[in-house]
Every structure is written in structure tokens, then in C-alpha cells.
Amino acid sequence: MISRQDVEHVARLARLALTDAELERMREQLNGILTYIDKLRALDTAGVEPTSHAVPLVNVMREDDNRPSLPQGEALANAPDRSGEFFRVPRIIED
Amino acid sequence: MRTIHELTAAFAKGETSPVAATEAYLARIGSLDARVGAYLTVTSEQALAAARASEARYRAKAPRGPLDGAPIALKDVFCTRGVRTTCGSKILEGFVPPYDATMVERLKAAGAVILGKTNMDEFAMGSSTEHSAFQLTRNPWDLSRVPGGSSGGSAAAVAGGLAAGSFGTDTGGSVRQPAAFCGIVGLKPTYGRISRYGLVAFASSLDHVAPFAFDVTDTALLLGAVAGHDPLDATSVDVAVPDYVAGLGAGVTGLTVGVPDEYFGSGLDPEIERAVRAAIDVLRELGAGVERVSLPTTEYGVATYYLVAPAEASSNLARYDGVKYGLRVPGGKDLIEMVSRTRAAGFGAEVKRRIMLGTYALSAGYYDAYYGQAQKVRTLVRRDFEAAFARVDVLAAPTTPSVAFRHGEKADPLAMYMNDVYTIPASMTGLPAISVPCGFNAAGLPIGLQLIGRTLDEATLLRVAHAYEQATPWHDRRPNVE
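Order-wise, the sequence lines are chains A and B.
When we follow the working numbering, the leftmost residue of the first sequence carries the number 27, and every step to the right adds one.
When we follow the working numbering, the leftmost residue of the second sequence carries the number 1040, and every step to the right adds one.
What the hints contain is simulated information worked out from the structure, not anything from laboratory work.
Small disclaimer: the values here were computed from a predicted structure and weren't measured.
Beta carbons: idealized from backbone N, C-alpha and C, even for Gly.
Please note that the accuracy of each hint is not assured.
[What the hints assert, rightly or not] If you want the ones that stay clear, here's a sample from chain B, every Cβ over 10 Å from chain A, calculated: (1) Arg1091; (2) Glu1094; (3) Ala1099; (4) Arg1145; (5) Leu1182; (6) Thr1229; (7) Pro1270; (8) Gly1290; (9) Glu1310; (10) Val1329; (11) Ala1342; (12) Thr1343; (13) Gly1411; (14) Pro1452; (15) Phe1479.
[Claimed, not checked] Here are the simulated SDA-like pairs of lysine to any residue, each with C-alpha atoms no more than 20 Å apart in a straight line: (16) B/Lys1415 to A/Leu66; (17) B/Lys1372 to A/Arg67; (18) A/Lys65 to B/Phe1173; (19) B/Lys1372 to A/Ile118; (20) B/Lys1449 to B/Ser1305; (21) B/Lys1363 to A/Glu48; (22) B/Lys1449 to A/Arg108; (23) B/Lys1415 to A/Arg114; (24) B/Lys1363 to A/Phe112; (25) B/Lys1363 to A/Glu75; (26) B/Lys1449 to B/Gly1306; (27) B/Lys1129 to B/Phe1173; (28) B/Lys1372 to A/Ser109; (29) B/Lys1415 to A/Ser78; (30) B/Lys1363 to A/Ala105; (31) B/Lys1129 to A/Ala103; (32) B/Lys1129 to A/Glu48; (33) B/Lys1372 to A/Arg108; (34) A/Lys65 to B/Gly1411; (35) B/Lys1363 to A/Leu66; (36) B/Lys1415 to A/Ala105; (37) A/Lys65 to B/Lys1129; (38) A/Lys65 to B/Lys1363; (39) A/Lys65 to B/Glu1338; (40) B/Lys1363 to A/Ser78.
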């Protein structure tokens, strides 16, 4: 069972500022879903290799050439806040 | 409403023109889409400009091919240069991509006319399109019911005659299920067959670009136009693309159709079972062999999917942080508070639930029990299919356990997830799978037959689907939304 403290911890990891009501509903719903998912534990997977991708993929290489990239103005055009040629964000480092 | 191949053949003969067709579709959208709710953005000006360019090519007797001038719709998950792309989310409400997705580029190069961007479950998470942050989409066969999801807007647009064809994405069934609910064709090709460059990511090991159409011929045309290797998508496969339309008429003689026992268990609507078994009888009468097969891990599919997909989503959606694009909720005392408030305000309940589930499944102490175990079960699911395809060429099964349900009927998240039970296994294995109309229930709601094929063998899948379609009347039926 996932506890209220677990839910709060996961919300912090996921950077979601949830309200008390949301945290409580999330605890109930995640418990319901995880109880269902627990059926997977019944399967014996000893010695089974995991599948991370539907088709086998190896490293895909290309030449390290210069190519045109997005112009700065277009890259910044969707920014919620900017300063000159930079994205502007709230303070990160303490005084 | 005409199919794409009928429409563009009429352009070539001069019976009608791309501009006239585009104007007719835009007029229909103008008068009917308030009722259906398929579109989030209608790009009338761009569509008419593209139609005029197409018309000039026909006049010069130099059309680019059988999609030239075809009016189509795109799920609002594909980046379109200069056209708002929301993913059905408040967090991307004002996002205007600076580039086109590869599949959009290829459609434009083929001459297609893009009518607009369609509604969807937020970030493609859902099976009813009710998780859109913006509007409800209604099923053209019964406006009180959902069109399915997550690509519900694209499915409803085609079924309602508001586009001649469309594209969605299929991660756990998000094209096949709405195709079944709306009585049209939906094809999820092999994983990697269509480039995903410019597709907003949900679950990267599961996301597929996938077309909707009135019939199998149009589906083959749409697939052929966008399939093929793309150096900008490292997961796209570098394998030649056959002429899918040319192979459609080869019939089913000599092919063996497998019928998986586990897809006909409890929970399947008896009317759907009857329709699907009748469809398999049609394939037998057309000359196919039919064999029972077993896919024992089917019952673990939903549980596996709802670990893998949320885990990948929690990582992919970390990019929505209020910094580079999209919503920002200002006023936080520091960066983390700004990011956390932005995400809380910008994401809807289902997206938050999946981010939480995925973050939990990947977090320290739980990884092996959840995500690790799910990846191993994924191997078992793949082995089931490998064993079946050693004996048969294609599998036949229902697309969904129920017909289209009513808005609000599946309020419990787990009940909604269970609707994907028959579509998830082909998603997790990357196998090509198609849903084609195979009848109607007593209430007049469409039923879908799902065919699943071997890796990269869309050609056989389309050939079987086409043989079935040509032998049955279902694809000619259209709902009346007027």
C-alpha cells in the first residue's frame, strides 16, 4: 500500500504542487491501480531478459557534421519569459 | 462522402477540384463541428492555399500522386510550423512549433491539404478524448457517446465527413480503438515504420504514428506517403517501403488466420464476439485457413502497459517546466516552486495520475518490482506472438471488448484502462495491427475487427483487411450528423 507520505514524496520528485484533496485522491487511485498491477508479481520471470524496445535497436551513428540549427529568435519565440538572448527563470542560487 | 482515392481520381478527371473539395469540407466543418467537436484548430487559409497549389498541378497534368489535394486532419500532437499545437493540454495552449514533424513534411510533399488539428486526450493519455483540456468530442454515430481515444478527434473527423482521412497516434490502442468506435479503418504500423520526429512524445518505446481512413485502400495510401526511414528519428527503421496499394488485391488464399482464445474470454460483449466470429468465417470462405492459437500472457498486458507507459511518460513530460515554452505560473519564490506550480496548473488529472504512477514505479526501492518486472513480462508477451506467428500469417480478434460508451460512463481510471485490453499487446510488441469495420450492434453502433500481423508486414495485413472489406458492406455505411 502506498502511504500519504509516499504520495507526497513522489509529488515532490515529479515537481507537482498538489493540493491536500489531490494528494488524498491520488493515494486512493494509485492504490487501486497498484493493487491491480500486483498481478504481475505472480508471473515467474526468473532468467527472462527485459524488453526495453519493441524492435531491437543498437546505437545509431551519424557523421558529426555542422548542420543548420534553429535560429535563436525562433528558439526563444515560445519562451514565457526571456532576457535578451536568454530564457529567464526565477532565482536558483541562494544569496 | 468520397474516399481519398475516389476524390483524387475525380480531380484527375476534372469532375471536381481540390479547391471545391476543400471549400466543401471547410463548409461542413463550419456547420457541423460545433456538434461533433473534432477540431481544436481549423487552418482554413493554409488549407485553401494548399488546395489552390494542388489545383494548379492538376491543371498542368502534373499531380504529385494519389494524395494530391486530399483534405486531411492531424491530431494536435504533431508539430506544425506556425500552427498552434496543444496536445490537448493547458500547458501547451499557446505553443506554436517552429518546425513541421517529418510526417507533416511528407504529407505536404505528397500534396495533401491539411484542414486542421484535432482534439485528443491530453498528451494522448486516455481512451475517450474526455481528458482533453479544451472540449468534448462526440461520436458521429451517437452524439451522446465518446469517439474513443486518445485520437478521438481524428476518428470523429473522418467518420463525420469532416476530413477525407486523418492521422492520430497509437500508444496502447489510441487509433485502433477510436476507429472501431467510429466505424472506420485505423492502422497502427510496425514500431519505427513512420518517423516520430516532431511528434510530441508520450511513451517513447510505444508511440506510433497511425492513419485513419474510410477504407483500406486509403489507409494504404496514407501509410505509403509517410512511411520510411528518417535520419532525424533514430528509432525509425531503415527498411524499404513496398507499394502497399499494389498488393491489396492478392486475396487470402494460402494464408492462415490465427484466432487467439484469450481475446474471446469473459468481458467481451457477446454482440462483438458474434460479429468478429462472423468476420473470421468470411475470411475462411474467401480461402484463408483458420487456426486457434493461444497468447497466454494476454491477461497481463494492461498491468504491464500501465507501468511501462507511465514510467516513460513521467520522464518525457519532465520537459514541461515553464521555461522554454508553454505555460508558466509566475510568483514562485524559486525555480522549483515555479516549476511545481506550473505543472500543477498546466496538467489535468489523468496526466498527473500517470506522472505520479510512473515516478513511483521508477523510484528507488520499487524499480525492480515494477518497471523491471514489466519489461520482463514484455519479453513473455513477445514470445507468445513469436510462437503464434510460427504457425499463422495474421491474427484476427476484436479491437475492443465493448462498443462506444457514453460520456462520463467510465469515471474510474482502471475501468477506462481495461478498454485497451485487446489493443495493448500489439503496442508492446510493436507489431502492425489494423481495425476494420465488421458490423453494428442492435443499437446501430459500429464494431471493429482487429487484425495483427508480423513485424514490418503491413502488406499482408492490408491485403487481408482489403479482402474482408471488399466482401462485406460495412465500410459503405456513414452516420448522419446533419
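Hint numbers not upheld by this structure, sorted from lowest to highest
When the structure is compared with the hints, numbers 6, 7, 11, 12, 13, 14, 17, 18, 21, 22, 23, 25, 35, 36, 37, 38, 40 turn out to be violated.
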